[in-house]
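Model the full structure from these sequences, guided by the hints.
2 protein chains.
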Amino acid sequence: MAESTTKTGQPLDRAVLESVLRRRLFYTPSFEIYGGERGLFDYGPPGCALQANVVDLWRKHFVLEEDMLEVDCTMLTPEAILKTSGHVDKFADWMCKDPKSGEIFRADHLVEQVLEARLKADKDARGQTVEVDEAKEAKKKKKIKDTKIEKLDDALVQEYEETLAKIDNYGGDELAELIKKYNIKGPTTGAELEPPRAFNLMFQTQIGPSADKPNGYLRPETAQGQFLNFQKLLEFNQQSMPFASASIGKSFRNEISPRSGLLRVREFLMAEIEHFVDPEGGKKHPRFEDVKDTKLSLLNRKTQLAGSTKPDTLTIGDAVSSGLVDNETLGYFLVRIQDFLLKLGVDQTKLRFRQHMANEMAHYAADCWDAELFTTYGWIECVGCADRSAYDLTVHKEKTGAPLVVRETRAQPLIIEEFEVDLERKKLGPKFRKDAKAVEAAVDALSQDLREKLALELEKSGKIEIETPGVGSGRTELEKDVIKIEKRKRTEYIREYTPNVIEPSFGIGRILYSLMEHVFWIREGDAARGVLSFPPAVAPTKVLLVPLSGHGDFKPFIKKLTTRLRRVGVSNKVDDSSASIGKRYARNDELGTPFGITIDFQTVKDGSLTLRERDSTKQVRASEDDIITAVKALVDGEETWEDVVKRMPAFEGQDLE
Amino acid sequence: MAESTTKTGQPLDRAVLESVLRRRLFYTPSFEIYGGERGLFDYGPPGCALQANVVDLWRKHFVLEEDMLEVDCTMLTPEAILKTSGHVDKFADWMCKDPKSGEIFRADHLVEQVLEARLKADKDARGQTVEVDEAKEAKKKKKIKDTKIEKLDDALVQEYEETLAKIDNYGGDELAELIKKYNIKGPTTGAELEPPRAFNLMFQTQIGPSADKPNGYLRPETAQGQFLNFQKLLEFNQQSMPFASASIGKSFRNEISPRSGLLRVREFLMAEIEHFVDPEGGKKHPRFEDVKDTKLSLLNRKTQLAGSTKPDTLTIGDAVSSGLVDNETLGYFLVRIQDFLLKLGVDQTKLRFRQHMANEMAHYAADCWDAELFTTYGWIECVGCADRSAYDLTVHKEKTGAPLVVRETRAQPLIIEEFEVDLERKKLGPKFRKDAKAVEAAVDALSQDLREKLALELEKSGKIEIETPGVGSGRTELEKDVIKIEKRKRTEYIREYTPNVIEPSFGIGRILYSLMEHVFWIREGDAARGVLSFPPAVAPTKVLLVPLSGHGDFKPFIKKLTTRLRRVGVSNKVDDSSASIGKRYARNDELGTPFGITIDFQTVKDGSLTLRERDSTKQVRASEDDIITAVKALVDGEETWEDVVKRMPAFEGQDLE
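Going down the list, the sequences are from chains U and B.
Whatever position you read off the first sequence (first residue = 1), add 78 for the working numbering.
Whatever position you read off the second sequence (first residue = 1), add 78 for the working numbering.
Keep in mind that the hints were calculated from the coordinates and are not lab data.
Possibly wrong hints are sitting among the right ones.
Given that identical chains are not distinguished, each listed pair holds provided it fits within a single copy or across any two copies.
Straight-line alpha carbon distances no greater than 27 Å define the calculated DSS-like cross-link-like pairs of lysine-lysine that follow [stated by the list, open to error]:
| # | residue 1 | residue 2 |
| --- | --- | --- |
| 1 | K138 | K229 |
| 2 | K637 | K696 |
| 3 | K421 | K637 |
| 4 | K661 | K310 |
| 5 | K138 | K651 |
| 6 | K562 | K259 |
| 7 | K538 | K505 |
| 8 | K541 | K229 |
| 9 | K168 | K291 |
| 10 | K161 | K328 |
| 11 | K373 | K421 |
| 12 | K370 | K638 |
| 13 | K651 | K421 |
| 14 | K724 | K475 |
| 15 | K651 | K310 |
| 16 | K291 | K175 |
| 17 | K161 | K291 |
| 18 | K475 | K531 |
| 19 | K178 | K291 |
| 20 | K637 | K651 |
This is how it looks when you write it as structure tokens:
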């Protein structure tokens with residue numbers, strides 16, 4: 079899919095959509111009257127309502143339906159926590175400064191842009207058609223200076239392509255080498271760039287009045303707060319496993335060079351789930367059976383390695399049983415993520431799950447799939463679903479000593495039979511003096527196999543020799559008055575383990591933006607007009623009330639309707655401006671309001687109203703009671719517009735333009 | 079009211095309540111396994127659900143019912159904005175360091191604590207009973223060293239009391255003077271304190287990679303984002319006034335020494351409304367008529383100055399017409415705030431509105447009332463309702479030049495008849511040279527009265543003399559070839575004005591905590607057990623489902639009930655643990671779950687269920703359909719428990735302990 083199209087098959091013109099979204103105040107650059115600040119956006123009333131509806135749906139779909147334990151943790155985070163989690167040392171991008179202009183670039187993005195531009199120039203020179211990858215094109219806003227049409231050596235083309243495939247994995251030294259090797263210069267000045275340096279993406283701050291330097295950060299994810307509360311949550315859950323915690327809140331990343339509108343911002347709303355599961359027994363999920371026949375579009379690692387982007391469509395049952403998706407729990411969540419996105423109105427043909435490449439994942443991750451949505455910026459990661467293994471709980475446990483573990487009584491006590499070693503410490507000390515500890519450590523480290531052999535030897539000859547690096551000759555003799563080796567049985571009644579974590583992590587802003595692209599289309603007519611076809615459940619406002627004119631007779635009807643609709647939980651707005659009904663509806667099509675109710679002179683006579691549906695612009699006419707019942711059923715998803723049209727008389731009276 | 083009591087008249091023991099709230103994970107200190115960080119708390123599942131319900135109710139009560147324009151602005155805020163708003167220079171507290179221990183104190187709190195302790199010691203010495211102000215007692219966790227029981231001079235007592243009355247208004251120099259004058263030392267060491275210095279309460283940070291020093295802050299309030307978007311919001315509202323914007327989100331204050339649990343924290347959820355109103359015409363409100371007979375408990379400025387804390391109960395109609403509350407819009411919001419708090423379950427006898435003292439308000443504020451809730455910490459400010467006048471829009475307009483104004487066509491064009499002055503600039507320059515500008519300014523500054531007089535004079539004698547300070551002798555003669563003064567008419571069709579802002583500002587965390595105190599009580603019995611009597615609308619979970627035992631026959635009923643309740647929007651939890659039904663209900667009384675449904679062997683026979691109400695512990699028995707209908711009506715507030723008891727048969731079968 080090279081180009082984004084609307085649901086009516088028109089090419090999607092991002093500039094037109096953005097103009098609608100800004101004019102209707104879905105979002106707007108923050109601090110615009112002060113010149114703005116890159117990577118920061120405010121949501122206006124419709125964006126805010128859309129966001130609240132999506133969050134509400136998320137809470138119902140995940141937290142309530144799956145009985146998750148929602149927590150709300152602070153964004154301010156002391157340094158120690160993020161040091162342990164690895165963020166202080168590793169949560170960085172490489173940046174490069176152009177000394178002439180002072181411009182700062184993300185080093186990997188710059189290398190990528192230049193090499194891609196050269197490859198494109200090469201293809202042009204060879205007369206090949208270029209298949210545009212919109213995602214990458216979008217990054218290249220700046221004019222790259224050295225892209226004259228020029229043929230490259232075949233070997234160099236291959237080298238460039240290999241470099242690009244691995245671009246996410248280079249460190250600072252490697253990026254510096256690439257910049258030098260490929261003679262990459264400041265794109266606007268042509269100057270030699272300063273060497274890349276690491277830039278930590280967390281915002282630093284000082285907590286409390288006594289700190290004399292930054293001692294904390296704004297969290298880069300909501301996950302850590304959930305891990306730190308693991309013990310309390312397990313207790314709250316009455317020690318019962320598995321369970322999931324969930325959190326909805328803002329996180330922060332100090333992007334080096336934010337672009338791409340709402341897709342790469344410095345402050346963003348996340349919704350994250352940490353599902354804690356026993357690592358033993360294959361991470362089964364009790365409800366996997368219910369979802370196993372659901373089909374997903376899966377772009378696996380192997381396909382990507384082969385240079386293709388064609389996903390396979392298969393059931394999650396097959397994907398898990400073949401080992402493509404690592405385990406049931408991960409698979410279950412992939413389905414639930416897809417269900418959620420489709421509920422919001424995401425276009426299923428623009429949704430795929432892409433598996434992370436081995437070198438793309440954190441070292442501790444077992445498997446990771448991103449739900450990606452196709453937009454005019456290309457395929458965009460909107461939800462990550464990773465198996466974080468036991469990493470986080472383990473590092474925090476090691477650092478603090480807090481028992482971030484599950485202790486459960488074994489159904490069957492575990493009987494363990496092992497060779498155990500007893501040392502006669504009273505004799506060991508005087509005999510080996512300063513080396514006594516080293517000898518003891520060497521004995522403790524003996525494997526079960528060795529112990530078995532040594533036990534026989536000790537029995538036979540009354541003494542053994544063990545390796546003791548750094549002590550005497552490197553080998554030490556022990557006689558049976560100092561050491562005893564025996565096979566013994568012991569019984570363990572309690573099992574203690576660190577749970578693994580499956581983490582579905584949602585970028586709400588990215589989902590909102592991608593959704594707006596998916597539901598946008600242009601209604602052809604006298605004037606082409608934008609429509610945002612949000613499903614009723616997420617639409618910012620559900621019903622627009624439109625009196626035919628400002629006539630006083632309409633007012634009591636409006637007031638009554640507003641109150642009645644609000645009472646049944648249906649948000650509504652009145653537009654009693656002097657614009658024509660057609661213009662007022664057009665304005666609301668841009669706002670994505672799915673239904674409109676008109677109050678006209680017939681209403682004053684017999685109380686009947688007309689109900690209009692946004693996408694078809696068809697209208698029906700019925701009594702107030704019937705219209706309210708229909709609207710409620712439509713908004714709750716219990717009826718479709720087709721149902722309503724079948725049972726209510728159509729209306730084609732008003733001149734809408 | 080000297081002491082806080084529960085609704086059943088028991089003294090409220092904060093330690094008991096806090097232990098319930100922490101054990102049930104309503105909230106918990108953040109980062110506890112790392113030793114914690116003062117002033118930061120996480121909400122666990124019930125706290126999180128309570129918060130979400132309160133926010134949802136707030137959104138319905140204000141944003142939807144009043145058709146407000148909700149916005150979601152970023153927390154990260156560039157320095158320039160907060161410089162203009164005055165926060166960079168003035169949003170500070172005074173702190174004092176003990177050089178011996180390194181402890182840091184908030185200077186005003188320290189002075190307050192010491193003087194109060196001395197006054198208390200004096201009263202003890204005089205043998206008077208001391209009426210304890212819990213709020214202030216709570217601040218004194220540290221042992222104050224110099225509070226031996228000692229009688230003070232009568233004059234000194236009065237001086238201390240006067241100082242305490244004004245404690246909120248002292249600057250650094252004055253605090254330093256008080257510390258010296260009253261010989262106040264480090265409370266734990268007795269050491270001489272370092273002089274107070276200002277500590278800005280905003281968290282600083284660096285936005286973007288190129289900043290070499292902090293260039294931004296975390297917002298201390300959500301208000302500024304709303305002001306900056308004023309123009310866009312007015313446009314969105316189709317230029318129609320008045321209107322309100324609203325915002326729900328976290329704000330941050332780097333408290334010097336946070337204590338008092340959830341009441342003084344460094345990161346907190348706010349909900350703020352900025353109602354923009356025309357300053358002309360008395361700030362009337364179109365719906366004031368609907369609320370004018372509502373009674374409020376008002377503690378006015380005059381009463382406070384007289385040293386009393388006894389509020390008056392009067393209707394808001396009377397309060398506004400007598401001028402006590404400045405205007406209708408402010409009055410309207412006080413009523414709406416009270417309505418909201420009562421909906422949440424706040425105890426009306428523990429709610430008052432306190433007017434700010436003249437010196438307590440920002441210099442630009444016209445009037446300000448705080449909704450205060452009574453708790454074991456004393457009266458706590460939970461909602462502020464201020465008339466911020468045109469201050470914020472004006473300063474941002476002046477700084478940026480953005481037209482943060484309303485321009486409206488006058489219904490009647492305004493005809494203005496004024497004396498206007500024309501100067502012959504070509505002659506003025508050569509004549510007055512370097513003084514020409516000063517002369518021109520002096521002419522421009524002439525009042526209408528003077529202009530009228532001078533016009534006559536000029537007519538009569540052909541020349542006039544005006545005052546020109548700093549030019550020549552201080553008076554300058556102008557002849558009629560240089561100056562002309564005429565009465566002229568002009569017509570203004572457009573009126574341009576800067577709206578005033580009425581700002582109701584809610585501290586959600588403070589409201590949650592106070593509410594939990596208001597609804598907490600102890601059920602006497604074999605074991606005294608805590609109950610949180612949240613109204614159904616805000617209760618974290620609405621219904622607990624309790625199977626009599628783990629018997630397999632109960633499972634399908636539980637599953638069906640869960641699904642049916644969820645479908646009608648009623649959140650529910652299952653407790654199928656092995657504890658007795660009584661214990662399980664006790665646990666949920668602590669969680670504030672208003673209703674319980676028991677599934678027993680009768681259910682398996684005839685499908686009937688029992689429904690239990692938390693506060694009365696009474697039960698009824700009916701069919702599944704009837705129970706679900708009743709629960710839905712109870713949760714939606716359409717029926718009370720009394721209604722249900724009247725029409726359904728009581729049930730007293732199970733042994734609940």
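Structure-based check of all given hints:
| no. | hint | verdict |
| --- | --- | --- |
| 1 | K138 / K229 | neither (56 Å within a copy, 64 Å between copies) |
| 2 | K637 / K696 | within (25 Å within a copy, 41 Å between copies) |
| 3 | K421 / K637 | between (32 Å within a copy, 23 Å between copies) |
| 4 | K661 / K310 | between (56 Å within a copy, 20 Å between copies) |
| 5 | K138 / K651 | both (25 Å within a copy, 14 Å between copies) |
| 6 | K562 / K259 | neither (64 Å within a copy, 78 Å between copies) |
| 7 | K538 / K505 | within (22 Å within a copy, 128 Å between copies) |
| 8 | K541 / K229 | neither (77 Å within a copy, 85 Å between copies) |
| 9 | K168 / K291 | both (20 Å within a copy, 22 Å between copies) |
| 10 | K161 / K328 | both (20 Å within a copy, 25 Å between copies) |
| 11 | K373 / K421 | within (16 Å within a copy, 46 Å between copies) |
| 12 | K370 / K638 | between (48 Å within a copy, 22 Å between copies) |
| 13 | K651 / K421 | both (24 Å within a copy, 24 Å between copies) |
| 14 | K724 / K475 | neither (62 Å within a copy, 55 Å between copies) |
| 15 | K651 / K310 | between (44 Å within a copy, 18 Å between copies) |
| 16 | K291 / K175 | both (26 Å within a copy, 17 Å between copies) |
| 17 | K161 / K291 | both (16 Å within a copy, 22 Å between copies) |
| 18 | K475 / K531 | neither (36 Å within a copy, 87 Å between copies) |
| 19 | K178 / K291 | between (31 Å within a copy, 21 Å between copies) |
| 20 | K637 / K651 | within (11 Å within a copy, 39 Å between copies) |
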